[in-house]
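There are 4 protein chains.
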Amino acid sequence: MDELDIETVADPDLRDPVLVEGLPGVGHVGKLAVEHLLEEKESELVRRVYSEHFPPQVTVSDDGTTELACAEIHAVELDDRDLLILTGDNQASDNAGHYRLTDAFLDVAESFGVETVYALGGVPTGELMDEYAVVGAATDTEFVEELVDVGVEFREDEPAGGIVGTSGLLLGLGERRGLRATCLMGETSGYLVDPKSARAVLEVLEDVLGFEVEYDSLEERADDMEDVANKIQEMENQQSGMPTDENLRYIG
Amino acid sequence: MDELDIETVADPDLRDPVLVEGLPGVGHVGKLAVEHLLEEKESELVRRVYSEHFPPQVTVSDDGTTELACAEIHAVELDDRDLLILTGDNQASDNAGHYRLTDAFLDVAESFGVETVYALGGVPTGELMDEYAVVGAATDTEFVEELVDVGVEFREDEPAGGIVGTSGLLLGLGERRGLRATCLMGETSGYLVDPKSARAVLEVLEDVLGFEVEYDSLEERADDMEDVANKIQEMENQQSGMPTDENLRYIG
Amino acid sequence: MDELDIETVADPDLRDPVLVEGLPGVGHVGKLAVEHLLEEKESELVRRVYSEHFPPQVTVSDDGTTELACAEIHAVELDDRDLLILTGDNQASDNAGHYRLTDAFLDVAESFGVETVYALGGVPTGELMDEYAVVGAATDTEFVEELVDVGVEFREDEPAGGIVGTSGLLLGLGERRGLRATCLMGETSGYLVDPKSARAVLEVLEDVLGFEVEYDSLEERADDMEDVANKIQEMENQQSGMPTDENLRYIG
Amino acid sequence: MDELDIETVADPDLRDPVLVEGLPGVGHVGKLAVEHLLEEKESELVRRVYSEHFPPQVTVSDDGTTELACAEIHAVELDDRDLLILTGDNQASDNAGHYRLTDAFLDVAESFGVETVYALGGVPTGELMDEYAVVGAATDTEFVEELVDVGVEFREDEPAGGIVGTSGLLLGLGERRGLRATCLMGETSGYLVDPKSARAVLEVLEDVLGFEVEYDSLEERADDMEDVANKIQEMENQQSGMPTDENLRYIG
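Protein chains in written order, with the numbering used here: chain A, 1 to 252; chain B, 1 to 252; chain C, 1 to 252; chain D, 1 to 252.
Since the hints were derived computationally from the structure, they do not count as laboratory data. A few of these clues could be false.
Examples of chain D residues lying across from chain B (beta carbon under 10 Å, computed) [said to hold, decoys possible]:
hint, residue
1, T8
2, A10
3, P12
4, P159
5, C183
6, G210
7, V213
Heads up, the beta-carbon is just placed ideally off N, CA and C, and yes, glycines get one too.
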């Protein structure tokens, strides 16, 4: 295998497509968001990107068959314009790999006519939350203004430390190619996989791109996660000898 | 030396050979299994693969002479079909090295006409065991069915995290070349070198490939390991003040 | 993007320029020093150096726009001779990257006619200080003597462990190209960003290169840091139950 | 600078030279041994090897001038045959770097006609010692026998884990080029720089190569180290409340 190996699975014509990225990261917000889009909308796998910059690893499916670590790019046809969705199980394993893989992703996107990139992710707040703001960063001030209009927050010094990995480079390398790019980051505790944060990010995307999506299955997933979070809370309380809601019923 | 340097030691004609890999890994199951095959069957060293992706290291033999870190490929002629056995003391030291070495191993295998690959390894259970199931993963569903027929277990979400290193890539890169490949993983505690797990894996291989092998020397090694495990257990018990089998005799 | 990508932003003619480097390091002394020069003097950005040896990262500005990790080279025109100032937010992420980036910086410098290099940095003393000596090292004994004349101290075995990173290689690789180079290191505790140490280094540079600079804004920054240092001191004293200056007033 | 840059400083004709390597390692035994040879015998620097596989670093001399990290090869003319001595302050920083630098060292050695290589080092025993055996390993059994004749010990399973770094690869890569190579390892505690172990290794080299060297300066260095070791011992004893030899005199 070469350092990078892009497998062409399909080559549909897309109408004015934008690239939407959701790779693993804080709270798995970006990955959850694009996975939900792929579940809810009809999609077609168009490219697989293999690379020796991914971990030396296969995943095992439920039927016992294996798949080599790769990133996948899917086409989703919407009413007004189409999406190219980039997802996968891995970020690059090394510094140069981040640059080379992101360049490969942008090459594919540009070959489909992409001019705008949405990198989706999470921004850690360190505490459990009820309201999920979406924090943004973008390659130019016009794009910033457009996003402010749909409720995205731009905050000084946030995210502290900048944006790292593929999401960051989609903006950094995208801008150098003359693309417009933004990173939309849902607030999330940072401790758990966070479907509610993923919904907040997707709702921004609906507004910006003019499409609609159902959230039932994502809400179920959010409820499951809430159960997990509550159980953890309970166990911690029991260890510290404090009564939980559960305990209180028996006292009463 | 080049990045990869394949030394041709012999070039026998092999009948319908399969590649069997056993490099260091969980419980050294794969390595023990192929070492046992090489002890029990007549074999011929056919290739040494040197690489700057291996550690910068020589091993010292009992006669004081040294050998540069390498992987070895041996040919074993059986009644029905032949084996190419890949073993060695090291995995690659870096991410890209895993990909490049596995590609080199597959190049050698294909040059001998190999169409099927068996990667042998262990899957950690975290507890000492009496029965040793063999868990599998394979490149296609037909191969999965063949292996189910000889008792290999295919389990959802196992191994969690997929299969990493050379074993994983033999499947991932093998499939991309059009080879059939499986990883056969003997259950093992993960704490100790495990000859019994190696035997379980070899017994599957006997069934699939139609050959037979003696296990006396592997059983001796298993008994040695059991003595070690018992001593560790005893020491732990003495430290915690609990009587061991040994102690009980003296009490009686 | 290539491994190294040097963007030409401007190409002014410079009179007898010297290269002055201030990248992140001990006490951020070098970076503070060159940032202060860029604030106080008129300057022009002449080059941006992008590289996959920098972290895969964008920083986010106060207006919400992003910038890809890079090093910047600015031209500053002084009365007698001009400066090329190298700064940025990152050192290289890997060993070879340090060599390749430093070579790129020296290529740019030589294209402007630079023959002398001043690497600015800090040397950690492990204790808070009142007086800030500047310790030096240089590529040749003549240069050492020149610097001794303006008060730079050259001490046996200091800095212990030599000079690492871009500063070190500007001397090591610079000398191999026939350039004169020195590293001027302000003494600093090593615990805090240290504007006073940066001033000490700049004052040496003023003497050597014959220019003058105001220090008001750097002194403000030093006062801010002193407040921070005092608060840390106070908190530590309160924890250990010892009275601080603040407490003593209330006792009286 | 290229990945590897070999600077030719001198090109003397040497009579039947052998390569003697002493880079930093366990107890600095190898480096001490070759440094002592260079102090006691007339020598000429013949090559400097620079590489981006060395740390990005300059060392600072007592006169304040700097030197880029490199390895040095010196020629020493003895009565019967000459030596090429490889020394320096660093091993390679990365896996591939060890292979590439060792190949470069062997290229230089072969260009001078070297057919035999002596890698000098230490083998850690974990305890302070009175007698310093020299343990060996070599590329062929004849060489092993020659070294047994001069008192080198060859022990099963020692050094456990083989020989790593440049010393190991001089044997591993040397053998692949058809060179004879040995690693002579002085026993050493592994805790301290060990001039006595270095002497033990040099005495073997004297026997094998037929030359003589004075040990006064090395003995002084050993005495200094012994003082250091005694002080550490004393401090430990005082902390544990046990009397030292020193204390006992005062008690009496």
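Hint-by-hint comparison with the structure:
1. Given the 10 Å rule on beta carbons, the hint for T8 of chain D is violated: about 23 Å separates it from the nearest Cβ of chain B.
2. Checking A10 of chain D against chain B by beta carbon gives a least distance of about 28 Å; that is not within 10 Å, so the hint is violated.
3. Nearest Cβ of chain B to the Cβ of P12 of chain D: about 28 Å, over the 10 Å cut. The hint is violated.
4. For P159 of chain D, the interface hint holds, the least distance from its beta-carbon to any beta-carbon of chain B being 7 Å, beneath 10 Å.
5. About 8 Å separates the beta-carbon of C183 of chain D from the nearest beta-carbon of chain B, less than 10 Å, and the hint is met.
6. Interface hint status for G210 of chain D: violated, as the beta-carbon distance to the closest one in chain B is roughly 23 Å, over 10 Å.
7. At a threshold of 10 Å, the smallest CB-CB gap from V213 of chain D to chain B is about 26 Å, leaving the interface hint violated.
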